[in-house]
Amino acid sequence: KHPTITLFNENGETYENSTGNVALAKAGTGDVLSGMIAGLLAQGCSAFAAAAVASYLHGQAADQWVLDHAPRALLASDILGLLPRCLKELQAHA
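All residue numbers for the sequence shown refer to our numbering, where the first residue is -17 and numbers rise by one.
Hint data in this document are derived by calculation from the structure and do not stem from the laboratory.
We put the beta carbon where it would ideally sit given N, CA and C, even for glycine.
Have a look at the derived ranges for each label pair, beta carbon to beta carbon:
| id | residue 1 | residue 2 | range |
| --- | --- | --- | --- |
| 1 | Q25 | E(-5) | 15 to 21 Å |
| 2 | R54 | F30 | 30 to 36 Å |
| 3 | D50 | A29 | 32 to 38 Å |
| 4 | A76 | A9 | 29 to 35 Å |
| 5 | E(-8) | R67 | 31 to 37 Å |
| 6 | E(-8) | A55 | 35 to 41 Å |
| 7 | E(-5) | L49 | 28 to 34 Å |
| 8 | I(-13) | G63 | 20 to 26 Å |
| 9 | T(-14) | L72 | 17 to 23 Å |
| 10 | L57 | S28 | 28 to 34 Å |
| 11 | C27 | T(-14) | 18 to 24 Å |
| 12 | G26 | D50 | 30 to 36 Å |
| 13 | N(-7) | A55 | 37 to 43 Å |
I would like the entire structure built from these sequences, with the hints used as guidance.
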């Protein structure tokens, strides 16, 4: 079972993200998440949307990783390699 992370904004909106797993408990994965949020902000997303989308994609990348690999083997850079696939899947469901 995935942990659920809840994001809140100043308007009372919430977003619950249940993607992600123990593979993300590694040095550097938070830096990747921060960079993803910054990149979305630079593209014009609101802070809330950037945090929600980035946290979803970050967790989804880890979920994809553990389908074929041991969680302990994940490196922060592996998340970046999985983002195109995760983005494609997200766009297919939008």
